[in-house]
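Once you've looked at the hints, dock chains B, C, D, E, F, G, H, I and J against the given chain A.
Residue numbers (UniProt numbering), protein chains in the order written: chain A, 1 to 96; chain B, 1 to 96; chain C, 1 to 96; chain D, 1 to 96; chain E, 1 to 96; chain F, 1 to 96; chain G, 1 to 96; chain H, 1 to 96; chain I, 1 to 96; chain J, 1 to 96.
To be clear, the hints were calculated from the coordinates, so they are not data collected in a lab.
Cβ atoms here follow ideal geometry from the backbone N, Cα and C, with glycine treated the same way.
It cannot be assumed that every hint is accurate.
Partner residues aside, some chain C positions facing chain A, computed with beta carbon under 8 Å [said to hold, decoys possible]: (1) A4; (2) V58; (3) D62; (4) L84; (5) R86; (6) S89; (7) D90.
Ranges of calculated distance between the beta carbons of each label pair, as one might list FRET restraints [as the list claims (entries may be wrong)]: (8) C:R20 / F:P13: 45 to 53 Å; (9) D:R36 / C:P72: 36 to 44 Å; (10) H:K28 / D:P12: 49 to 57 Å.
10 protein chains.
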Amino acid sequence: MLFAVRMTVHLPPDMDTDVRTATLAAEKEYAQKLQRSGEWLHLWRCAGRYANLSIFDVTDNDRLNDILWGLPLFPYMDVTVTPLARHPSDIRQQRV
Amino acid sequence: MLFAVRMTVHLPPDMDTDVRTATLAAEKEYAQKLQRSGEWLHLWRCAGRYANLSIFDVTDNDRLNDILWGLPLFPYMDVTVTPLARHPSDIRQQRV
Amino acid sequence: MLFAVRMTVHLPPDMDTDVRTATLAAEKEYAQKLQRSGEWLHLWRCAGRYANLSIFDVTDNDRLNDILWGLPLFPYMDVTVTPLARHPSDIRQQRV
Amino acid sequence: MLFAVRMTVHLPPDMDTDVRTATLAAEKEYAQKLQRSGEWLHLWRCAGRYANLSIFDVTDNDRLNDILWGLPLFPYMDVTVTPLARHPSDIRQQRV
Amino acid sequence: MLFAVRMTVHLPPDMDTDVRTATLAAEKEYAQKLQRSGEWLHLWRCAGRYANLSIFDVTDNDRLNDILWGLPLFPYMDVTVTPLARHPSDIRQQRV
Amino acid sequence: MLFAVRMTVHLPPDMDTDVRTATLAAEKEYAQKLQRSGEWLHLWRCAGRYANLSIFDVTDNDRLNDILWGLPLFPYMDVTVTPLARHPSDIRQQRV
Amino acid sequence: MLFAVRMTVHLPPDMDTDVRTATLAAEKEYAQKLQRSGEWLHLWRCAGRYANLSIFDVTDNDRLNDILWGLPLFPYMDVTVTPLARHPSDIRQQRV
Amino acid sequence: MLFAVRMTVHLPPDMDTDVRTATLAAEKEYAQKLQRSGEWLHLWRCAGRYANLSIFDVTDNDRLNDILWGLPLFPYMDVTVTPLARHPSDIRQQRV
Amino acid sequence: MLFAVRMTVHLPPDMDTDVRTATLAAEKEYAQKLQRSGEWLHLWRCAGRYANLSIFDVTDNDRLNDILWGLPLFPYMDVTVTPLARHPSDIRQQRV
Amino acid sequence: MLFAVRMTVHLPPDMDTDVRTATLAAEKEYAQKLQRSGEWLHLWRCAGRYANLSIFDVTDNDRLNDILWGLPLFPYMDVTVTPLARHPSDIRQQRV
Chain A
1 MLFAVRMTVH
11 LPPDMDTDVR
21 TATLAAEKEY
31 AQKLQRSGEW
41 LHLWRCAGRY
51 ANLSIFDVTD
61 NDRLNDILWG
71 LPLFPYMDVT
81 VTPLARHPSD
91 IRQQRV
Chain B
1 MLFAVRMTVH
11 LPPDMDTDVR
21 TATLAAEKEY
31 AQKLQRSGEW
41 LHLWRCAGRY
51 ANLSIFDVTD
61 NDRLNDILWG
71 LPLFPYMDVT
81 VTPLARHPSD
91 IRQQRV
Chain C
1 MLFAVRMTVH
11 LPPDMDTDVR
21 TATLAAEKEY
31 AQKLQRSGEW
41 LHLWRCAGRY
51 ANLSIFDVTD
61 NDRLNDILWG
71 LPLFPYMDVT
81 VTPLARHPSD
91 IRQQRV
Chain D
1 MLFAVRMTVH
11 LPPDMDTDVR
21 TATLAAEKEY
31 AQKLQRSGEW
41 LHLWRCAGRY
51 ANLSIFDVTD
61 NDRLNDILWG
71 LPLFPYMDVT
81 VTPLARHPSD
91 IRQQRV
Chain E
1 MLFAVRMTVH
11 LPPDMDTDVR
21 TATLAAEKEY
31 AQKLQRSGEW
41 LHLWRCAGRY
51 ANLSIFDVTD
61 NDRLNDILWG
71 LPLFPYMDVT
81 VTPLARHPSD
91 IRQQRV
Chain F
1 MLFAVRMTVH
11 LPPDMDTDVR
21 TATLAAEKEY
31 AQKLQRSGEW
41 LHLWRCAGRY
51 ANLSIFDVTD
61 NDRLNDILWG
71 LPLFPYMDVT
81 VTPLARHPSD
91 IRQQRV
Chain G
1 MLFAVRMTVH
11 LPPDMDTDVR
21 TATLAAEKEY
31 AQKLQRSGEW
41 LHLWRCAGRY
51 ANLSIFDVTD
61 NDRLNDILWG
71 LPLFPYMDVT
81 VTPLARHPSD
91 IRQQRV
Chain H
1 MLFAVRMTVH
11 LPPDMDTDVR
21 TATLAAEKEY
31 AQKLQRSGEW
41 LHLWRCAGRY
51 ANLSIFDVTD
61 NDRLNDILWG
71 LPLFPYMDVT
81 VTPLARHPSD
91 IRQQRV
Chain I
1 MLFAVRMTVH
11 LPPDMDTDVR
21 TATLAAEKEY
31 AQKLQRSGEW
41 LHLWRCAGRY
51 ANLSIFDVTD
61 NDRLNDILWG
71 LPLFPYMDVT
81 VTPLARHPSD
91 IRQQRV
Chain J
1 MLFAVRMTVH
11 LPPDMDTDVR
21 TATLAAEKEY
31 AQKLQRSGEW
41 LHLWRCAGRY
51 ANLSIFDVTD
61 NDRLNDILWG
71 LPLFPYMDVT
81 VTPLARHPSD
91 IRQQRV
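So here's chain A without its partners, still in its complex pose (with noise of 0.2 Å):
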């Protein structure tokens, strides 16, 4: 089942150094292990801003719920989240 999920990044600019370093190295392993698995489909940078698009394939609500409360980044972050449906002019045959 796919997701549209809309991150809108704030970190304060007095951020701790260390903090912030590894709150972003731990952001990155655990997007990237995501995307092997298969759950996080696609992950777009919004040009020029802190924010990111991105495609979630999950068996349900309650995993992306908790697939997005394991940010490391999402005590910083605006969250939007768009169920999306299959669409009857999509040329694929497969289920979205």
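Only chains B, C, D, E, F, G, H, I and J this time, still in chain A's reference frame:
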């Protein structure tokens, strides 16, 4: 070059039935032709709304503009465009 | 899987009376059938507004989308969809 | 009498860990006590956000106000309140 | 139980004059009857706008909903509802 | 002359406890003095929020401004002001 | 007593030409009469928009309300009203 | 003196075809004449929307207002105006 | 050339008292000097808010920008700028 | 390929003076280097605000993203990006 486009459709409730049917058929054909050509990369329904989230892969802004203005439903749409860039945590090596 | 859906209805003041009566009757029958089948879990009026807050229990996003697009009043509605997950402080053991 | 309440939580990233832990534990205990007493009817996580959607069943506005002001997380919350009424298409005969 | 209700009226400029006159007369009679019965406690014009701020004193949400849906101008209104509770600094001892 | 004023309070979570206690006590005394003098006509809590809806009866805009700027909590408030006029359907003959 | 009023006009594109001409002429006459009487203190066009910013000097809210409701273009306007008070840095000694 | 102007066009879907064609032709001629005279400095399409971003170089606010009110599409436009000033990091020595 | 400027001030509650006093005194002196020179034409308090509505009469956008950036309270302000033009119903013959 | 970018800067009032001075100097140098290279085509101050409107001419979205993320003031900015296309009424034959 990738763009996320969100289209929300507002058809007048009193729209002529034939015009409506013809417009929707033309829209579907238009959308499927561009999916086959590779420029309309993804097309998802926003669940429960007359809206979609699409990803386009085009050569430049002018081409994106031409595609969207060519949509048979364009006069009935609100459109938002988000240019996408490669995300540093994206595991795929190819450029977006 | 649960979703909160808020529907706000905008009927044109000059809507044909017969069409209006028939549409409202069809809407009521549709809503009650889905409540009986267990997919439309809750249906509340937002006091003093032509709007409702509903909770749906469906298998996935596609089913939610089909239900909402099938509403006889769908062409007259603004709809917002919020996917729900289990809350860690919820005392009920069954998954939402 | 039913009310839909949406609570969005903003904890300061630099909140003292002990205060945070104690406040969250108190919040959980408070929420569960009110669920057991029957006033906090439903408690759902808005998937992927630090927010919940709750349904309260209380005697009047004053009681709702007392409950919400008593939340240990209240100073960190944005709250919206929607009074609910019985919907004419609701199949349940009991009053909401 | 008190509620603050803000009603904003949008009459179509091309509304039939007789319908308009009859609707406005019915609205006035309806509003005055409810003021005399004590349920419509206050009725103020928002200066310079086709809008009012009203205070209702009703038994519950269902009664408020019935009153507002019964307004002859209801199909032309945007309505916002704010449930009110007793303020700890209010000098009047009687319950709000 | 009547004005509806909505005040929303944002106290910093880390506010000094003594300052907070003293400010809230001063606010209460200030509000009650103005209620007794007749200028602060109504004071209601917006249920479940740190906000109130108030009605002031003052001689002019300057007096309203002085009263609001004198609030001990003024530096922590968002304030909206709506000037009120007599409504043609108001059954009370006295001027508002 | 001064009020800043911003009026934004939305004339239907298909408005009858004669009605339009007559309404605009009446609006101009109305505005100029009130400027001459001293109640409509300033009238500025918001550059490039069908909108104006006006300053009124009236005895009270009721008078302001009567003036604005009397505008021939009132049914086509969005209006916002801001009550003004004397500013402590204003060099003019006379009351605003 | 420079101004950024964003124009968003809303043509009614049922607009008469001849009126539409004539209005668009007049708009184009009007826009090109002002570009040639040097007052309409830049004219860009906002990609994928019926909107443009324009830069005007005019003597004063009155002239800007006259130009925008003279647009054949003006009755169908939402317009926002941003006055521009010289930026201290602009490398061009001439005043904007 | 006239501009309407709305300034909303947000002073941090924990601002150093001396800095605050000095900044406010500098702001007052600055505002009064520009009123005397004729460039700051009107200065009104928005009743009940830490905000003002001002009218400036300046030679061009650059001068307006210099004046506003020079405000001692500028770092604490939200500012909106509306360029004003002569209104066709304004009875005064002099240009605005 | 052209993009309109609006940057709004929020510097913390208590920012260290040396850091502030160094950051602003680096920002100026960065902006001027990119203007000289031809990628930062226009840079205008939004009059009276700590904001600018810029036009960039870059090869693609990735390059735009790199430029904006490289801004020394980027952590303090709100940024909006509008991709621009050739307007059919633009008199210049060269591609935008």
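Worksheet item: Against the structure shown, which of the earlier numbered hints fail to hold, in ascending order?
Response: Hint check: 1, 2, 6 and 7 fail, others pass.
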